[in-house]
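Colleague: Single-letter residue listing:
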Amino acid sequence: MCKYYIILLLLISPLCTATKVAHADIIIIANPSVTEKSLSMDDIKKIFLGKIVKWPDNTNIHFALLTGETHKAFLKTYIKRSAIQYRNYWRKMLFTGKGIIPKNFPTEQELIQFVSKTNGAIGYINAGTKAENVKIISVH
Amino acid sequence: MKKHILWISFLLLPTSMEMLWAIDTKEVQIHGFISQGVLKSDHNNYLSVKSEKGSFEFNEAGINFTTRLNDDLRLGIQFFARDLGIYGNDNIQLDWAYADYRMNNHLGIRIGKIKVAYGLYNEVRDYDSVRTSIMLPMSIYTEADRELLSSLKGISIYGELPYGLSYQAGCGATTARESSAGDEIKYYVGEHIKENTNISDVSLLSTEFKPDFITFAAIQWQTPLDGLRLGLSQIMGSADFTFMYDIMGVTLPVYLTFDSLSNTVGSIEYMFGSTLLTAELSSVILKSTIEVESLSADEADKKNFGGVYVGISHRFLEWFEIGTHYSVYYTDFDDKKGEDEDYFYRDDNNVKIHAAHLAWEKDLCMTLRLDPNEYWTIKLEGHKINGTAFVDIINYENKDLSENFFMFAGKISYNF
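Chains as they are written, first to last, in this note's numbering: chain H, 1 to 140; chain U, 1001 to 1416.
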């Protein structure tokens, strides 16, 4: 039985869906009130997993998500999870009372507007997207 | 009436597939889930379910309401109902309800009815859609202690620490009720009386359960190796039961005390790409005392039991995942072969039959999970089991208890 299982795994594994947006296409943006100029990959991961909720100056972090391919690329690059893994993570948080489902925005313009108007907000967009009234956070 | 409230609440909520994850009134988020499963075994009745004939007494449902009063304070409440054979019976319970105040990244406080953190999955054991398998490994997540250890009324603290560490700790009163003195406990107390008094005319009249304190602590380390997480958790507690027995027409109290119960779990999780590797090890030490008033049938006991499992799952496509785990459990580490005469069951003629395989369970599980969209989950699962530690020998007749058996589980879940 085990050998058939292994064969099934090998046949199916190449069919995984590839993400079309690459790492270099995603930039991190934040509200101008955020004093940080750069963040580590680990910090970004912790923010979007709800583990870090305050900036060093103790102001609250509000993170925003997109949908679609940009969201998948962001998750793959910075959170190291697929969309379904990320969704299940927040379901665990939700059904144990430890968190509320994060805000999802259908368009980049809506996300940019949220980030620009919300103190302590952070989000991500495509590199080519014009974004006003937000600051770009470099990633180290 | 009370049983139907939860089901009616689902009917009143919108079910359009175009809606977002939940109904957001801008102040209160409402989410929920409902799962319906089926169990069928070729031999034996598993846990408390009539699985040998096949049973649909295997479902869960929950609905929660959460809101932020401000950036630091969140309130939430979840109602839950489940049915697993004779357990639950769809009675609606308060699953959790607490206020969560986050002071900073290193310290948050929760007050109310709180889920107990131990292992990777205890807090989420009732939510089918957040894991691959239908049945969690019994070596770590046994149904027998579920009610005693699932939640507490009290306070907990949590937070992030340097070097990738995070912690949770809490204490309070167990939220278990009289029903937590499961049939297994009552059965063996009754057998203890019969064995030590040579009296067979023994029947249980009532059960009283005195809630006691439990404490838990869990620490996790997100290691420098990306995706590798290690965890260590422990629960400690005690409990008192008073059973009133009719022994040959005389009513006598029997006191069962769990003087101390400690459950320690070590966990490893490694996530790389679409693959998840997990392994956990559990060791439970239980010191108990039985006192039978007016009869010389007192006994003190200390047992060390638990188990281990390893598992792997891989998501091949967005809608398709396969997982497998192998779990080993022993009811007594000092008697892994089941040589003690306490491993017995009674046949149709009430004759005691020694069955060493009641001392362990070795379970090879394989799961196929389908996610047609973000709301629905379908799972099919097979278990090849050796050992009858979790076979129900109390509630159902066992004409021929089989050491080896196969069990099929299927489940469909909806989340919103």
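Honestly, the hints are just simulated from the structure, not real lab data.
Honestly, I wouldn't trust all of these hints.
To be verified - List time: in silico EDC-like cross-link candidates among lysine to aspartate or glutamate, alpha-carbon distance up to 16 Å:
id, chain 1, residue 1, chain 2, residue 2
1, H, Lys72, U, Glu1318
2, H, Lys54, U, Asp1072
3, H, Lys135, H, Glu36
4, H, Lys76, U, Glu1160
5, H, Lys51, U, Glu1318
6, H, Lys76, U, Glu1318
7, H, Lys72, U, Glu1374
8, U, Lys1210, U, Asp1240
9, U, Lys1287, U, Asp1145
10, H, Lys51, U, Glu1403
11, H, Lys103, U, Glu1027
12, H, Lys45, U, Asp1226
13, H, Lys51, U, Asp1072
14, U, Lys1186, U, Glu1291
15, U, Lys1362, U, Glu1403
16, H, Lys45, U, Glu1160
17, H, Lys92, H, Glu108
Unchecked claim - Calculated from the model, a selection of chain U residues having no Cβ within reach of chain H, i.e. all distances over 10 Å:
id, residue
18, Glu1160
19, Ser1166
20, Phe1258
21, Ile1268
22, Glu1339
Each residue gets a CB set at the ideal place from its N, CA and C atoms; glycine is no exception.
Colleague: Decide if the proposed pair is consistent with the structure: Lys54 of chain H and Asp1072 of chain U, CA atoms, cutoff 16 Å inclusive.
Modeller: holds (10 Å)
Colleague: Between the alpha carbons of Lys76 of chain H and Glu1318 of chain U, is the straight-line distance 16 Å or under?
Modeller: At roughly 14 Å apart (the allowed maximum being 16 Å), Glu1318 of chain U and Lys76 of chain H satisfy the hint.
Colleague: Are the Cα positions of Lys1186 of chain U and Glu1291 of chain U separated by 16 Å at most?
Modeller: Given pair Lys1186 of chain U, Glu1291 of chain U holds - Cα atoms ~14 Å apart, limit 16 Å.
Colleague: Decide if the proposed pair is consistent with the structure: Lys135 of chain H and Glu36 of chain H, CA atoms, cutoff 16 Å inclusive.
Modeller: holds (10 Å)
Colleague: Tell me if the straight-line CA distance from Lys72 of chain H to Glu1374 of chain U falls inside 16 Å.
Modeller: holds (14 Å)
Colleague: Below or equal to 16 Å on CA atoms is what counts here, so check Lys51 of chain H against Glu1403 of chain U.
Modeller: Cα-Cα ~46 Å, so violated.
Colleague: Just double-check Glu1160 of chain U for me: nearest Cβ-Cβ distance to chain H has to come out over 10 Å.
Modeller: Given that some Cβ of chain H is not farther than 10 Å from that of Glu1160 of chain U, nearest at about 5 Å, it is violated.
Colleague: Beyond 10 Å on every Cβ pair: is that true for Ser1166 of chain U relative to chain H?
Modeller: Non-interface label on Ser1166 of chain U violated, nearest chain H Cβ at 7 Å vs cutoff 10 Å.
Colleague: Given the proposed pairing of Lys45 of chain H with Glu1160 of chain U, does the C-alpha separation stay at or below 16 Å?
Modeller: holds (13 Å)
Colleague: Next pair to validate is Lys103 of chain H with Glu1027 of chain U; report whether the Cα-Cα distance is within 16 Å.
Modeller: Holds, at about 13 Å.
Colleague: Does Phe1258 of chain U clear chain H by more than 10 Å, comparing its Cβ with all Cβ atoms of that chain?
Modeller: holds (26 Å)
Colleague: Starting from Lys1210 of chain U, check that the Cα of Asp1240 of chain U is at most 16 Å away, please.
Modeller: Cα-Cα ~5 Å, so holds.
Comparing the model with each numbered hint stated earlier shows that hints 4, 5, 10, 17, 18 and 19 do not hold.
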